[in-house]
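Student: Under the working numbering, the sequence shown has 247 at position 247, and the numbering climbs by one with no breaks.
Bear in mind the hints are in silico, worked out from the structure with no lab data behind them.
Careful: at least some of the hints might be erroneous.
Claimed, not checked - Computed beta-carbon distance windows for the label pairs: (1) T92 with A152: 41 to 51 angstroms; (2) S115 with E221: 36 to 46 angstroms; (3) D237 with N110: 34 to 44 angstroms; (4) Q269 with S115: 36 to 46 angstroms; (5) R71 with F127: 32 to 42 angstroms.
As the list claims (entries may be wrong) - The calculated lysine to aspartate or glutamate pairs, modelled on EDC-like cross-linking and capped at a C-alpha distance of 20 angstroms, are: (6) K191 with E171; (7) K266 with E172; (8) K142 with D181; (9) K191 with D252; (10) K281 with D230; (11) K121 with E139; (12) K187 with E222; (13) K281 with D237; (14) K142 with E172; (15) K142 with E120; (16) K142 with E97; (17) K191 with E167; (18) K191 with E133; (19) K266 with D289; (20) K187 with E199; (21) K168 with E148; (22) K266 with D237; (23) K266 with E221; (24) K168 with E200; (25) K159 with E200; (26) K211 with D181; (27) K211 with E120; (28) K187 with E221; (29) K128 with E157; (30) K128 with E97.
Nothing here was measured: the structure is a model prediction, and the numbers come from that model.
Glycine is no exception: its CB is placed at the ideal position from the N, C-alpha and C atoms.
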Amino acid sequence: MSLRVFLTKLQPCSPASTQPVTVTPSPILAPVLAPQGPRWPCHLPSSPQTPVELRLPGLLRPGSFVLDDLRRYSVDLRYTVFQTTGSVPISTVISSEASGSRTIIHAYRNLPDVSAKDFEKVDLTRFKWIHIEGRNASEQVKMLQRIEQHNARQPPEQKIQVSVEVEKPREELYQLLGYGDVVFVSKDVAKHFGFQSAEEALRGLYGRVRKGATLVCAWAEEGADALGPDGRLLHSDAFPPPQVVDTLGAGDTFNASVIFSLSQGKSMQEALSFGCQVAGKKCGLQGFDGIV
């Protein structure tokens, strides 16, 4: 769950305080998830007599809100793991309209990750493609090994395709590079290893992926590259929108679009281009509604 605040300058105060939050100049306060929730007054300096309400969407019933939002997008929740401990994490994103830079403040980070034991309950025969975003890698390796064992018993046309994303530069996540038919590695991870371009990263890290896998690296406004077992480097230019509005989630949009395209039988070159096009469109929109 996240709250986005677009601004040039922010003078914060406690939510419980009666003192206003002052934002200058001409800001857009943009709660992005729900119209309900706790709120407190803010004043725009250009019209100090006109209060505006800054709402924290879904804060009273965040779990219910998240489920409702997923259902709105027709996400199948049959294998959802309901935790009895922890809180729904909340991220507040402060974006500069001038520079496009972001500051993200995370709260309530005590929600347990999905475990290998949870994953054992999943009927793998129902799935064509499974994507793993690197988080609790030691547990996720067990999940990936279960998929490998399942695939070993299946004819080629019934094997599950697997993709893995390594986004954060954390040592424990790097073991995930050795799993997956398609492996996404982020610009942050690439730069952590000292690479200065997507091509450098792919050639430098390809030895870590398993035989036959394709390694993909997106590099923001420079587009994205991919390297497969044939050694041929593929590239797609970026497709920037006329005006950048909101880049939050563009990386996930790219990954999802590439996966969708490949799952429909498209080539990696076509998938790269499609991923860059959809991610570019997302950057021109607030949130995710209207991408397709």
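Student: Checking against the hints above, which ones are violated?
Tutor: Result: hints 5, 7, 10, 16, 19, 21, 23, 25, 27, 30 break, sorted rising.
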